[in-house]
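> Yeah, the sequence shown ends on 258 if you go by numbering that gives the first Met the number 0, and it's all consecutive.
It should be emphasised that the hints constitute simulated quantities derived from the structure, not laboratory data.
Glycine included, every Cβ here is placed at the ideal spot set by N, Cα and C.
Don't take every hint at face value.
Stated by the list, open to error - Here are the computed distance ranges between Cβ atoms for each label pair:
#1 His33 / Asn226: 34 to 40 Å
#2 Ser184 / Ala118: 23 to 29 Å
#3 Pro50 / Ala92: 33 to 39 Å
#4 Glu208 / Leu87: 24 to 30 Å
#5 Asp60 / Arg204: 29 to 35 Å
#6 Asn226 / Arg159: 24 to 30 Å
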Amino acid sequence: MKDARAIFGFHAVLARLRADPASVIEVFVDEARHDARMRDVVSAAERAGVPLHRVAAKRLDGFYGGGRHQGVVARVSGADARASLDDLLDGLAELPLLLILDGVTDPHNLGACLRVADAAGVHAVIAPKDRSAGLSATVMKVASGAAESVPFFPVTNLARTLGELKERGIWIVGTDGAAPADLYSADLPEPVAWVMGSEGEGMRRLTRETCDLLVRIPMHGRVESLNVSVAAGLCVYESRRRRGLAGPGGGLRRGAESR
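Produce the complete structure using the sequences and hints provided.
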């Protein structure tokens with residue numbers, strides 16, 4: 000088993016207690032807080048049979064060097080019991096909708112992307128192991144519980160993973176400000192993995208070359224780009240919108256297109 004780690008904040012701790020209580024080793028709460036949100040955490044821990052400790056707020060600060068823990072910290076198992084990416088894709092009841100983050104190293108951006116992914120019903124978020132913020136305590140807090148509900152897969156070789164997704168009939172669609180087609184006019188596939196580049200440099204060359212399609216998000220103001228989580232939200236929600244319009248069986252599939 001991997002080393003235990005800390006998660007903090009009401010959303011992250013409650014989500015873990017509800018989704019995977021067996022992974023929660025113990026919960027620490029601020030002994031001075033007795034409001035409704037704290038009672039929810041205490042009740043969830045008690046129902047799950049998780050050891051609960053009421054401690055001074057200063058002790059909570061020590062888990063991660065100070066910050067906004069909101070008075071609740073949990074120690075959780077570092078082992079991820081989720082299925083592999085292949086297992087997840089094999090078990091889907093609908094066509095895949097994935098989000099790939101190529102080099103998002105800011106933990107606040109990664110957390111926001113996970114939150115967007117959860118809201119839009121994205122089946123998994125994928126990122127390279129060596130070019131990602133990783134699931135830190137900050138990421139989990141910003142994600143507001145989404146880090147517990149959205150499968151996150153760090154992969155060793157992103158290009159190889161993209162190739163494997165293609166073999167499954169999933170289109171790789173990247174965002175590029177210079178692409179000729181825009182998000183709303185492009186003929187988007189239904190089984191899709193949306194690729195977002197890093198905060199400053201965008202997608203790496205090999206990732207860009209692996210994409211089946213590049214689209215741009217129309218920009219009508221003076222700024223040249225959007226925050227990666229905002230861009231991700233626009234793209235995955237556009238896929239969801241089109242699925243609703245197309246109905247069951249609608250949408251472009253790999254192998255049915257003219258290429």
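> It remains to establish, for every hint, whether it holds in the given structure.
How the hints compare with the structure:
1. His33 / Asn226: 34 to 40 Å: holds (37 Å)
2. Ser184 / Ala118: 23 to 29 Å: holds (25 Å)
3. Pro50 / Ala92: 33 to 39 Å: holds (37 Å)
4. Glu208 / Leu87: 24 to 30 Å: holds (26 Å)
5. Asp60 / Arg204: 29 to 35 Å: violated (43 Å)
6. Asn226 / Arg159: 24 to 30 Å: holds (28 Å)
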